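Work from the hints to combine the two standalone chains into their complex.
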Amino acid sequence: MKVDIAACITEPGSSERNKTGGWRVFKPVVHQERCIDCGSCWIFCPEACISRNEAGEYVVDLDFCKGCGICANECPTEAIEMVLEEK
Amino acid sequence: MPHRDVMHGSRAVAEAVKLCDVKVIAAYPITPQTHIVEDIAEMLANGEFDAEYIMVESEHSAMSACIGASATGARTFTATASQGLALMHEVLWIASGMRLPIVMVNANRALSAPINIWNDQSDSIAERDSGWVQLYVETCQEALDSVIQAYRIAEHQDVLLPVMVCMDGFVLTHTVEPVEVPDKEQVRRYLPELRLPHALDPEHPVTMGSLGDPNYYMECRKQQEIAMEHALRVAEEADEEFRRVFGRGYGILEEYNMQDAEVVLVTMGSVAGTIKETIDMLGSDVGLLRLRMFRPFPKEAVRRALRNAKVVNVIEKDVSMGFGEGALMTELKSVLYGSDIRILGTVAGLGGRDITTEHVRQAIERAERALRGERVEEVAWAGLKEEAL
Numbered sequence: 000m001k002v003d004i005a006a007c008i009t010e011p012g013s014s015e016r017n018k019t020g021g022w023r024v025f026k027p028v029v030h031q032e033r034c035i036d037c038g039s040c041w042i043f044c045p046e047a048c049i050s051r052n053e054a055g056e057y058v059v060d061l062d063f064c065k066g067c068g069i070c071a072n073e074c075p076t077e078a079i080e081m082v083l084e085e086k
Numbered sequence: 000m001p002h003r004d005v006m007h008g009s010r011a012v013a014e015a016v017k018l019c020d021v022k023v024i025a026a027y028p029i030t031p032q033t034h035i036v037e038d039i040a041e042m043l044a045n046g047e048f049d050a051e052y053i054m055v056e057s058e059h060s061a062m063s064a065c066i067g068a069s070a071t072g073a074r075t076f077t078a079t080a081s082q083g084l085a086l087m088h089e090v091l092w093i094a095s096g097m098r099l100p101i102v103m104v105n106a107n108r109a110l111s112a113p114i115n116i117w118n119d120q121s122d123s124i125a126e127r128d129s130g131w132v133q134l135y136v137e138t139c140q141e142a143l144d145s146v147i148q149a150y151r152i153a154e155h156q157d158v159l160l161p162v163m164v165c166m167d168g169f170v171l172t173h174t175v176e177p178v179e180v181p182d183k184e185q186v187r188r189y190l191p192e193l194r195l196p197h198a199l200d201p202e203h204p205v206t207m208g209s210l211g212d213p214n215y216y217m218e219c220r221k222q223q224e225i226a227m228e229h230a231l232r233v234a235e236e237a238d239e240e241f242r243r244v245f246g247r248g249y250g251i252l253e254e255y256n257m258q259d260a261e262v263v264l265v266t267m268g269s270v271a272g273t274i275k276e277t278i279d280m281l282g283s284d285v286g287l288l289r290l291r292m293f294r295p296f297p298k299e300a301v302r303r304a305l306r307n308a309k310v311v312n313v314i315e316k317d318v319s320m321g322f323g324e325g326a327l328m329t330e331l332k333s334v335l336y337g338s339d340i341r342i343l344g345t346v347a348g349l350g351g352r353d354i355t356t357e358h359v360r361q362a363i364e365r366a367e368r369a370l371r372g373e374r375v376e377e378v379a380w381a382g383l384k385e386e387a388l
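Protein chains in written order, with numbering that gives the first Met the number 0: chain A, 0 to 86; chain B, 0 to 388.
Bound conformation, chain B alone (with noise of 0.2 Å):
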């Protein structure tokens, strides 16, 4: 029987590697991760489920286990942030070009330097490119069900690339927040046994991660993106079917308050919630347009739901430096290229700022400004202390 319970993030997440059976942890403590894998160490030392604990000395060692795991056609899964994110940079690009469904959370955390252990999405938006699925979520339910979406997209034999389930860190990984936890015979159902069709057998045996010369690695790499473009389709029918069985989903993207609204903000993650707050306070027809795919990016979902916007102001936790933006934006307008939407910027929380309902507030005069055809700042960074400069 599913049950209602509460508790942080990071149970929420351990909960759901429980209920999906997983094989294999490799897994390196960073905070705002630890809980993660604590509670998991936990839940394995009372006997709760079986699985192999590999404890490593480093994320790269971890991310290389969990890929040697895989490639043995075991379920496994992995936590990090920030700093251990980076280090597994490298073999995160193995994990994917080798078509392996490993699931990992990060808790999202600012890169260093300065060292700083708090929250902002930087660290997982620089690897957007490295061939992983990733899924921002907005609270503590929705981490859990996440874990649960991603081995089905993951798994999936038209996609089998790893995915990457991204929450905030402290804001969702220590907050507590009522969970419902779903029945472990219902997730079986909607999770069936991996199938990995390369799996390392000796009946069968193969060479894995061999050399792709210049004759062949083109091909590999227009493999990963043609099974990037199924991953859209699998995510959508997965949280379709998740919806049909536990009774709620999220789908790729989230609209809000979105029936004719002129202007949309656009963000990722649990800073969501207090944009809707706003929008509730303010009694706005401002709406919210949340990304919870960012790759495969939902292009043509996300020029749908902008049909009848006006004004655009992306809210995110991140900056391209150098390009005086954020990822999010600078994709937004490219994949908004040629149409008259006005694209606007607001760079916020980085390195675990608060962002207030007033900052949203902010964001959106100055997007109602632009539709009324006022000059505004293309990209405003909220809270900044100007006197600090």
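Pulled out of the complex, with its shape left as it was, chain A reads as follows (with noise of 0.2 Å):
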């Protein structure tokens, strides 16, 4: 792909097209049976990486989560873990 002057970004989508989960150290992992449909961790995530699948359950968007821990921070009933990631 040929860089823009400037790197200008002359279409949408770059940020999606760029996956910035590889600076991740700590991945969440949601404990499903814990959950207690607050939304807290959906509200609080900064990257917006949390969204609910079709069963309406709470998941990570791994190519994106950066690993903060706001959202096991958040959780009311503890009911994600940051698990250290071994790659």
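Heads up, some of the hints might be wrong.
[Claimed, not checked] Away from chain A, derived, C-beta distances all over 10 Å, residues of chain B:
| id | residue |
| --- | --- |
| 1 | 186 |
| 2 | 187 |
| 3 | 253 |
| 4 | 300 |
| 5 | 323 |
| 6 | 329 |
[As the list claims (entries may be wrong)] Here are some chain B residues the structure puts well away from chain A; computed CB gaps all over 10 Å:
| id | residue |
| --- | --- |
| 7 | 40 |
| 8 | 175 |
| 9 | 259 |
[Stated by the list, open to error] With a Cα cut of at most 16 Å, we get these calculated EDC-like pairs of lysine to aspartate or glutamate:
| id | chain 1 | residue 1 | chain 2 | residue 2 |
| --- | --- | --- | --- | --- |
| 10 | B | 309 | B | 367 |
| 11 | A | 18 | B | 212 |
| 12 | B | 221 | A | 3 |
| 13 | B | 17 | B | 37 |
| 14 | A | 1 | B | 218 |
Quick caveat, the hints were computed from the structure, so don't treat them as lab data.
Since this is a predicted model, take the numbers as computed values, not measurements.
Just so you know, even glycine gets a beta-carbon here, dropped at the ideal spot from N, CA and C.
Below is the structure:
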């Protein structure tokens, strides 16, 4: 891919193509059985990486999650665990 | 019609800004640049031309405002000196990295401490790696002409880099000289309207100044380096075209009395006048090579100009602390690596210390002694008061 002058971005979507999840050290693991559907993780995630799947469960997009741990910190039932990611 | 007048160098710069139809000026006053931005403000208040004049609270903001204005495709100008240029440091890199053809005049002044408002070139030399094209001028006329040329270089589609026109503070900014002010129509023909290919435009939205992660940053830097290489050729062409249109030109370097010269003095800026005077006064066969362009460095042209030289003495108003010599001397050594030319240096005029014809004569004498095979100091500080150390 050719880099435009001054790294200008001329079309939308480049931040989706640039997967930034590789920065992560700890990844959040959701224990669904403890989830009470409060949505705090979804509200607090600074990277908008949390969404609901078809079953209505909160899931994490690991392509962009940087492992900050805010979701785990905010979860009132400690349903989210930060686990060291071995690569 | 072009007209001749007597004016100080700052006025000559303001006249150039008016002639170039600059659309946005953002500046913060600092001695010895003040008259430039004052004169521009006066011209605007008198309705002599039409532009946005943005008053800002610092030089950092001045350059930032220029970056924003230039990003919309507007022709943009600012001027500063010394501490003001130093305060701009981080945004200088943003202007060049965003490939914005801003033109700035730097009224060369020493850096604090101790506080000193007088002339040397340490301020702009310290910004040599910031990605700005740098021109150094000798006269008030050349200051005016170089601002016009600077836009032509900066805005060329193969370049798109900011240009800094460096003029010695007080020595040029506050000195009255006869200056020919070109005809506006001729300037318009010489300087087509700015066309910034990546300008901000609601019809074609772009993101500027975005993240350049390790996957792309090096390519952006290499693109800048390639643009710098183009700037060398474009500057030569801009000067040749200027000569055709306005009847005078300067080249990217000037050779004076260089015919068969074995000893050559090398310098930048207004002190070239004193050196020429000294050479003429002494009836000396010493040559002078004045670099008008410092970035990009005209390596090939310098090698060509010095092909017959045996000893070079670089007279410069800056010193690289801890390296014991000025930056121009170091760069000449690099460019002439592998040749037999002996390279000497003279640190002179720091903080506005006068550089006299006697200092130049001493520099010539030292170089001539080296030519005869005598042992001489590699770097001398002209007019230094040893007893005061």
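Going through the hints against the structure:
Residue 186(B), annotated as away from the interface, keeps every beta carbon of chain A farther than 10 Å; the closest lies near 27 Å. Listed as a non-interface residue, residue 187(B) keeps its Cβ farther than 10 Å from every Cβ of chain A; the least gap is roughly 26 Å. Even its closest Cβ contact with chain A, about 33 Å, leaves residue 253(B) beyond 10 Å, as expected for a residue assigned away from the interface. At roughly 27 Å, the least C-beta separation between residue 300(B) and chain A is larger than 10 Å, which holds for a residue marked as non-interface.
The Cβ of residue 323(B) sits about 38 Å from the closest Cβ of chain A, beyond the 10 Å cut-off, so the non-interface label holds. At roughly 30 Å from the closest C-beta of chain A, the C-beta of residue 329(B) stays outside 10 Å, upholding its exclusion from the interface. Remark: the non-interface label on residue 40(B) is consistent with the geometry, its nearest Cβ contact in chain A lying 31 Å away (cut-off 10 Å). Non-interface call for residue 175(B) relative to chain A: holds, since the shortest CB-CB distance, roughly 41 Å, exceeds 10 Å.
For residue 259(B), the requirement that its beta carbon stay farther than 10 Å from each beta carbon of chain A is met, with the minimum near 46 Å. For the hint linking residue 309(B) to residue 367(B), the alpha-carbon distance of about 10 Å falls within 16 Å, and the restraint holds. For the hint linking residue 18(A) to residue 212(B), the alpha-carbon distance of about 11 Å falls within 16 Å, and the restraint holds. Note on residue 221(B) and residue 3(A): the hinted pairing holds, with a Cα-Cα distance of about 12 Å set against a maximum of 16 Å.
Proposed proximity of residue 17(B) and residue 37(B) is supported: the alpha carbons are some 13 Å apart, at most 16 Å. Straight-line distance between C-alpha atoms of residue 1(A) and residue 218(B) comes to about 9 Å, which keeps the hinted pair within the 16 Å bound.
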